[in-house]
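K.L.:
Going down the list, the protein sequences come from chains A and B. Quick note on numbering: the first sequence equals residues 1 to 408 in the numbering used here. Quick note on numbering: the second sequence equals residues 409 to 816 in the numbering used here.
Mixed in with the good hints there might be a few duds.
[To be verified] Covered stretches of chain A, going by a simulated chain B footprint (3 or more residues, C-beta under 8 Å):
| # | stretch |
| --- | --- |
| 1 | 48 to 54 |
| 2 | 64 to 74 |
| 3 | 104 to 114 |
| 4 | 250 to 259 |
| 5 | 271 to 285 |
[Claimed, not checked] Some chain B residues close to chain A (C-beta under 10 Å, calculated; not the full set):
| # | residue |
| --- | --- |
| 6 | ASP526 |
| 7 | VAL654 |
| 8 | SER678 |
[Said to hold, decoys possible] Partial selection, computed: residues in chain B whose CB lies under 10 Å from chain A:
| # | residue |
| --- | --- |
| 9 | SER466 |
| 10 | GLY472 |
| 11 | LEU648 |
| 12 | ARG661 |
| 13 | VAL670 |
| 14 | SER679 |
It should be emphasised that the hints constitute simulated quantities derived from the structure, not laboratory data. In this text, a Cβ means the ideal position worked out from N, Cα and C, and glycines have one as well.
Listed here are the chains, written in short residue letters.
2 protein chains.
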Amino acid sequence: MAHTLSSAGRRIAQRARSLNSSAIREILKFTERPHMISFAGGMPLSATFGLPALREASVRASHGAESFQYSTTEGYAPLREWIAREHSDSQHRVSPSSVLVTSGSQQAFDLIGKVLLDPHATVLVERPTYLGALQSLSLYEPEFVSVPMDEHGLVSKALESIGPERAALLYLQPNFQNPTGARLSFQRRRSIAEIARRTGLIIIEDDPYAALAFDGRQVPSIHSMAPDHVIYLGSFSKVLAPGLRVGYMIVPRVLEQKFVQVKQAADLHSSTLSQRIVYETVREGFLASHVLRIASLYREQCEAMLSALDRHMPPGVRWNVPEGGMFVWLALPEGIDSEALLKDALAVKVAFVPGAPFFARDSLHHYIRLSFATAAPEQIDLGIERLAALINAYSRVLTPYLATDLHR
Amino acid sequence: MAHTLSSAGRRIAQRARSLNSSAIREILKFTERPHMISFAGGMPLSATFGLPALREASVRASHGAESFQYSTTEGYAPLREWIAREHSDSQHRVSPSSVLVTSGSQQAFDLIGKVLLDPHATVLVERPTYLGALQSLSLYEPEFVSVPMDEHGLVSKALESIGPERAALLYLQPNFQNPTGARLSFQRRRSIAEIARRTGLIIIEDDPYAALAFDGRQVPSIHSMAPDHVIYLGSFSKVLAPGLRVGYMIVPRVLEQKFVQVKQAADLHSSTLSQRIVYETVREGFLASHVLRIASLYREQCEAMLSALDRHMPPGVRWNVPEGGMFVWLALPEGIDSEALLKDALAVKVAFVPGAPFFARDSLHHYIRLSFATAAPEQIDLGIERLAALINAYSRVLTPYLATDLHR
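All chains should be built: construct the whole structure from the sequences, respecting the hints.
P.N.:
Have a look at this one:
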């Protein structure tokens, strides 16, 4: 019996050995404790689900046997057609054949890794970037290279100088990025599309928060500017319901068949019933007004957070003013370690996500991600007040050292 | 614009280049034509879904917001507990922590490849074996080695002599194997479990058809004999509804965390609603009587097929007598090419799956897989009669050549 337990453990493949559970996942366990004020989760409020419409759609969709039968790998045809129409306009027509329904956007990362990443391929990412994408793509053993970003998103000039022609992929979130909340400007989208066309770079444009613009303004996607070079990822998780696990990819024509094949190998197809429920909910235009309600709710919570930050945070703490989405990105005075801060924050019943895991390499440890999606406005004020008190305490203790640092 | 279309195509990763759409998938397109008698699909009859129970469960499950919310990667806790109880008995207790809900068994293949296969690792498979597993595992670039099987399943003595200690995995289906319909004998299960314990071999025991035994007899799983060496795959696709995409893995304790991590990277979790519908349907014991109804339906269709084969097939054609499941495996006279036969069969509105893709290497081309799951008994007789007429014609044409072959 010498082989029993250890042998199975020894057989773990190289790619899976360094994999760790996401920091967010571990933290979410704490957020379920009673009276916790959570700024940690990217979990939408269930008030944003449009539950009556979803319930009705579920009853309708579960009536027929075909909702429970195997279906095509590409996804439910009427849903694919709806998605293609939503992304088409007079200048740019999306074909339903280029739409592949996925089990959330998360699955798209995995399929992209499978189809496009050989070991050691270069993947360009924003600095910082969405950690779920890092986690999924890292199983295909690429080298990540970070591209600088600012409050207008990825700096396209920096992309140019980094040598995009050597890269297999550029991954970015154009709208209300997770974690920084930044929206990529129209001018930079144009520059990035132009670089892709010129160098053959493939862009993953991951866009789950597009509809959550507080001002209702939609900036054209990079996909609409360079459809042969962009894999566009959309999702119903943030505008309808994440638990159905329905997202989609729009892929360049030349890659369509390869993606269908790897999707088939991965899970045959996404839940037929989930896809039909989504279609039954959205087909008559439900989302048009529904996303306005969600955006308005999140705007209110965002304003509560911004005014609480103004009220409570000590000097030396900086943050962005998001134009949509779910996140504020907070820069603490350098020298404050956000993971140490988290431990103290949890003790006073406030949760957030430390910034370090959002960096592909050379992590910065004095950033934190605050989500305003989950807590109600009065809770937000209370939570920020507690957090500010802790940061204040840290700053006081650290001030002599920080001052020294400045003169180095 | 020199880079546009070709550049994206040129960037396809090594592992994805040789991938093709499954033969079954291509054939299923034909089976949708009107008046086709299909022996091709592994698609369960919708009469086996227990639709009233599923509908009721869907209405109940879609009532609460939590069915539409993100949930844990491991799966819905009450469902995992139910699965663990189902697989436990007085000698062998399965812990809910070792149960991971997957998006069908197909996803389990992908997760196993990720966690356990380095490039060029040896994977032992039955000869022939399930092509969906081959397709999914092949993305992790292993070397497949076929182990002989007969009507009692994989030949355990042959496994011994092949050197199991060099292999990363052994993949098999113990009950009513796809494509041969064979059930692995109790004695061989014991021998295989013993080999695994002695050599440290990890076994994937893929068991979607276990409940479809025509005699109601359950042979103990290899998993129950060597739980530290077996990854057991179960599914609700053949006993409830495939479109929900709910399957599960039971994994050795030492691998639990790794599988949760790769599942998280692959799709965060399987559809919350699908999982709750399955649980709501099965929780009060619905399956116990339901699987008897399905097995009895398939037994009737199997008997219709066996008696049609007896009635119509020319000498020189051999087949097994399945004790359950959905498949009969037919050996044609050598020299008859099953893919050529398929073209002629489709012309007379009969579909089946040629045997060649079920071989990991050194394919034999004179086998075909017949599914008795889809067509009604009178259709089965008609379809087999047409197929027999074609095989007869092929045999007559080939007889002089076949006789020559015998003397080589």
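K.L.:
Going through the earlier hints one by one, which of them does the structure break, listed in rising order?
P.N.:
none
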